[in-house]
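J.: The chain contents come next:
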Amino acid sequence: MKFSHAWLLAYVTIGEEPARVGARLTAAGLPLDGLEGSGDAAVYDIDVVTNRPDCMNHLGIAREYAALTGAPLRRPEARPARVGGPTAKAAALAIEAPDLCARYSARCVLGVRVGRSPDWLARRLESIGQRPINNVVDVTNFVLWELGHPLHAFDLSRLEGRRIVVRRARPGETLTTLDGAARALTPEMLVIADGLRPVALAGVVGGRDSEIGAGTRDVLLESAWFDPVSVRRTARALGLRTDASHRFERGADPEGTLAALDRAASLIAEVAGGTITDPPLDLVPRPLPRRRIRFRPARARALLGVDPGEERMRGILERLEFGIEAAVPEAWDVTVPSFRRDVEREADLIEEVARHAGYDGIPSALPTLPGAEGGRGRSDRTRLAVRRALLTAGLSEAKNYVMEEAEDARLFAPEAGPPVVIENPLQSQAGVLRTSLLPGLLRNAAHNLNHGLPGCHLFEIGTVFLPARPGPPRERTRVGYVFAGRGLPVHWSLPRREADLYDARGAAEQIGAFLALSPLTFSSDTIPFLEGGRALRVAADGRPLGVAGEVARVIRERYGIGRPVFAGELDLGALQEAPAPERRYHPVPRTPSVRRDLALVLGDGVPYAAVETTVRRVAGLPLAEVQVFDRYRGPGVPAGSASLAIQIVFQHPERTLQAEEVQAAVEAIVQALRRDLGARLRGAAG
Amino acid sequence: VESRVAQIRRQFDRDLAAAEGPTAVEEVRVRYLGRKSGLVTALLRDLRDLPGARRAAAGQAINDLKAHVEAALAAAERSTARGRGQEPEPIDLTLPGRAQRPGHPHPITRVRDLIEEIFLEMGYSLESGPEVETDYYNFEALNLPPHHPARDMQDTFYVEGGVLLRTHTSPVQIRTMESRRPPIKMVALGTVFRRDSDLTHSPVFHQVEGLVVDEGISFAHLKGTLEHFCRRVFDRELSIRLRPSYFPFVEPGAEYDISCIFCGGGGCRRCKGSGYIEMGGAGMVHPAVFERVGYDPERLTGFAFGLGIERIAMLTLGIDDIRLLYENDLRVLSQFPA
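Residue numbers (our numbering), protein chains in the order written: chain A, 261 to 946; chain B, 485 to 822.
Simulated from the structure, these hints should not be mistaken for laboratory data.
Ideal Cβ placement from N, Cα and C applies to all residues, glycine included.
Errors might be hidden in some of the hints.
Said to hold, decoys possible - Some chain A residues flagged as far from chain B (calculated, every beta-carbon gap over 12 Å):
1) Gly299
2) Asp379
3) Arg877
Stated by the list, open to error - Per label pair, the in silico range of CB-to-CB distance:
4) A:Pro804 to B:Phe746: 46 to 54 Å
5) B:Ser563 to A:Gly634: 50 to 58 Å
6) A:Gln907 to B:Arg562: 21 to 29 Å
7) A:Pro852 to B:Ser563: 19 to 27 Å
8) A:Val888 to B:Arg720: 51 to 59 Å
9) B:Gly607 to A:Arg605: 28 to 36 Å
10) A:Ala928 to B:Pro586: 43 to 51 Å
Said to hold, decoys possible - Chain A stretches covered by chain B per the calculated footprint, using a threshold of three residues with CB under 8 Å from any CB of chain B:
11) 286–298
12) 307–316
13) 486–493
14) 634–645
15) 652–659
16) 707–717
17) 747–758
With the rest of the complex left out, here is chain B:
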């Protein structure tokens, strides 16, 4: 009986596949399930003749076959009915469609992607460096010798073995200059660490570092680059303001601000009435830094700049507590489009 079941099943599948149109499908139904001469019906009838021991197993097999046949016929009837333009099944067009919805990238990643894209378009290379750094790369090579008071600005996490968690992405400048010959045009985006935690400071955050070195690079190039970059990041016309400031690895040094993206520069709550929003630090590479990496500061000049990725994410997304960015609450993450 069992081999007969398998044979009928194969035969049915072939017949149904060959049946085109509702009439043909109906013919297949009669051939297999017809009350008098249907092949499956006949099998069930034959069951009566089997001895009790084998009857149960065979009955199971035949019932499986019958279920298969009925399901396949029902599906075939539905599809041929539609194909013929007959009474279609009603469809609710207001129901949402079906697709695997993408997940949501972290806001920091979104900003990071945007910044990478802007600099890649400008022909910069993407560089990286270790997160656990030596004092040399994090401080000394950047013209911050031991006991330099400017080290106070960077609350450092120290790690066993005389190393530290990098406090900025600036060590990547040094590593890149050591391993390349100029001209250099690089950005490094990465995680940095400072021993500080409040509404606007997270002990772990992300920075962008830029460095351009060649003959004839000037402060005007720095200004133009920052201006272009800030306009692209915020996708609008804005003006940039450089103010003298002090970072030991640049001279002249600057902080740069953009005209407030909320009020356009007239003064509002977000810019504390100043019309400007602070962006980051920048300047011309200090000759002592060039000397450290064996570059000739008479021949080469360069500029460097940095900024915080969280800061841009918070500004553009309207987040006022940096810690929200590290809770990974899906109710927050899903607010920002994939």
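Just chain A, same shape as in the assembly:
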């Protein structure tokens, strides 16, 4: 909001540079956003906070400055000269909606000559970026920027019956506003009507039919107090935001109507001629009394942690025009000036004191709170462990928006039903809340691969929103990850490889390990967005955690990825709830272990899991470990089969195993593998 230095000088003496003025105002809560020009021509751009409509004008800023510096404040004069007959003779006024209009003051200026404003007036407005229109309208605008009270000038001859009725709009009524738009009105809207129809939207904007024009002779000036919520609703409903609505919404000064009216009428008579009707009309159907608040200096000291001193506190409040009666010294009875609608309770007065005493004077201290519950919760620890697991595995972390396309949800969570809709999205392709982390990660993978990176390994931990109509969506925290292109680790000593399904499965296993869970279980299933035969459900102790696998080709191609992508998504809540076996120390066996390796040739239909199960079932001796250490397909292995090398470690907790019994166990294993799974030893025929 712009303020002219020269204009401020009309109300307060300023004996310092504009930059210093700006710093002073900033420190008092009127932050300087910009400063143009210098000396008297300086223009301040001040970011006046929402609750200070009293500072959205030059007198208000001057009042703050005067209070800060101790300089006297000069109020503009408003003594209407050249007065004619009573306003009540020139126009009639009725308030039919006293709940929405607490006060309505009006005067007429009869016999004006509408024309260009004199230079001083036009320059004042132009200095703060306002465009002069004509002398009458410019005066109302000038008074708005001087005193802060929004006024409206009607062409009196255009008011049917020379009558003002403040009422709610009637169903079906319309109004063509000053901007030329025809507005449909609803009964929640407060209008200013004449004898027939609405002529203005109260506190928002005037109507074109009663606008001041070159031919206007008689002017009716309105200076009223409209209900803030009503003004705001009307302005919002019509998508309008005017200087008037901005102030009424935030609370105008109910006692300021007459001062603004008199000032404007005098100025109109001065710049456009005419006589002013007197006395004014001034209906107050609902008086708004000044607030009285108890102020305890001790409370201010306790809340601020510093003692500004009682004299200083009193001085600040008085300079800001608060009335103080101190019947008892420890509790003052403070009357709030009518223009300070924001000051409602003691804390507000304490802020007034603090802001003018200066926040800089408040010392620094650290609170000590014995007994506050501290620390991380369980879900935070799960989140950290999952993140560490994947970072350690070489994946980098992504963060995506929670908004996505409905199509994403259809592809990745068809079972969840239609995704949760954002009613006012920024873009139509971000119109719903995500139901999976994978669409975002696939877009990230496409971005990276398309920029020439050889491999992309990313994860994200974030919220998904599952519809639970009619209630609010169910929020779940998940981890998602993708692998595409070159596999990890990358090192000159290692053969290059492409990412594959085992990366996706391994990431889940790594998470399980970092959370110290029992080994996760993986089962093949049909999952809509994963390739058939390359889709796994992940579980812990029978409870589902999520999925892992190769992203279906048609889907990854839709996201612009030309090569295989492997992905997974697990639920952090489920991971947190998964039972972690108690870890206890087991004595390291003192008996020797015996290792045997078997190179098996297996038909393609035989899974490794079946081999391991068989080994464990038939071994007949205690096993310390069964592990696969090589898998090979190619020359030397018949087509339609693969060579699998497994290592079996036998170890009895109490005694040394004899070579013969181990040999017998190996033979039993080989036999069972041949019989049950058709496996044969590599290098052995038949």
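Based on the hints, put chain B in the right spot on chain A.
T.: Chain B only, in chain A's frame:
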């Protein structure tokens, strides 16, 4: 023949494992691959006597065995040679070493971790709340009744069913006060949403919310806490400036700035010559907020503060377009150390 192959293989493995030193390894070589009496050589010789049908399969098995024996001997020779200090294989010491390199955490997470750590050290609890909120928690309980003009400051995304995406982490204040008894000393770090997008505004961003409630908590405590926190986050001496401002849920309200971390307060391009950098909003908990959660505002006082995590990430990492943080370009992410 096949069982003989398996037997010889086992025997070889045992012999080789038992062989210590190059001489012993050489003896094993002669025993198995010796031209005249090597066991594997003999097997190959026997092959000639087999009928054609079985010869192919057996030949395959013997060749596999021979390959195994040769590879194992070669490895054993290499290691015993080194062990004896004989002619070592030359090594290029300038080549990079081998380890699974860790991935890179997102810059926002790095800053978030740092902030969490600072407050955990100060004994704060970490709290959280839903991202889809009700109007009550996001606005009304925070002293922002319907049609309050301050709602304009927070361009809200509305979600079907009469709920919204939280515009700040402040609802967590309310939820925590509702579920706990004072004293309270909490921070909440989380995702928030505003309908705004440009160089410095992202529709999705992250905030920190702090709340301390007890008897005797003052504005001085707020100032001291912010000062300590800002010094720890930026890891340097700096001064803090509080300016009066307006947030409906605090009174007195403030915005807080730090002395510019680029110029030290003298004025530069980054601080637009002011010597200060804006950090966030803060203030003393508004008595109306206490009343909402059933706390007695006469007995209890408290302070609250907020700040944007992106802002700190951008300041400390020198990023000037917030959207870079959401592209997840590995060429960007990998610039920041694990």
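J.: Hint by hint, note whether the structure agrees.
T.: We went through each hint and held it up to the structure:
Every CB of chain B is more than 12 Å from the CB of Gly299 of chain A (nearest about 19 Å), matching its label as outside the interface. Residue-level check passed: Asp379 of chain A sits 35 Å from the nearest beta carbon of chain B, beyond 12 Å. The claim that Arg877 of chain A lies off the interface holds: its Cβ sits roughly 23 Å from the closest Cβ of chain B, which is beyond the 12 Å cut-off. A beta carbon spacing of about 51 Å between Pro804 of chain A and Phe746 of chain B agrees with the range 46 to 54 Å that was offered as a hint.
Against the hinted window of 50 to 58 Å, the Cβ-Cβ separation of Ser563 of chain B and Gly634 of chain A comes to about 55 Å, which satisfies the hint. Take Gln907 of chain A and Arg562 of chain B: their Cβ atoms lie about 23 Å apart, and the range 21 to 29 Å holds. Between Pro852 of chain A and Ser563 of chain B the C-beta distance comes to about 23 Å, which sits within the given range of 19 to 27 Å. As the Cβ distance of Val888 of chain A to Arg720 of chain B is approximately 54 Å, the hint placing it in 51 to 59 Å holds.
Hint check: Gly607 of chain B to Arg605 of chain A, Cβ distance near 31 Å, so the stated range 28 to 36 Å holds. Between Ala928 of chain A and Pro586 of chain B the C-beta distance comes to about 45 Å, which sits within the given range of 43 to 51 Å. Taking a C-beta to C-beta cut-off of 8 Å, the segment 286–298 of chain A contributes 5 residues in contact with chain B, enough for the three needed, and the coverage statement holds. Evaluation of the coverage hint for the segment 307–316 of chain A: fulfilled, as 4 residues show C-beta separations to chain B shorter than 8 Å, against a requirement of three.
Taking a C-beta to C-beta cut-off of 8 Å, the segment 486–493 of chain A contributes 4 residues in contact with chain B, enough for the three needed, and the coverage statement holds. Taking a C-beta to C-beta cut-off of 8 Å, the segment 634–645 of chain A contributes 6 residues in contact with chain B, enough for the three needed, and the coverage statement holds. For a cut-off of 8 Å, the count of residues in the segment 652–659 of chain A with a CB near a CB of chain B stands at 8, and the three-residue condition holds. Only when three residues or more bring their CB closer than 8 Å to a CB of chain B does the claim for the segment 707–717 of chain A stand; here the count is 6, and the claim holds.
For the segment 747–758 of chain A, the proposed coverage by chain B is satisfied: 6 residues have a C-beta within less than 8 Å of a C-beta in that chain, meeting the threshold of three.
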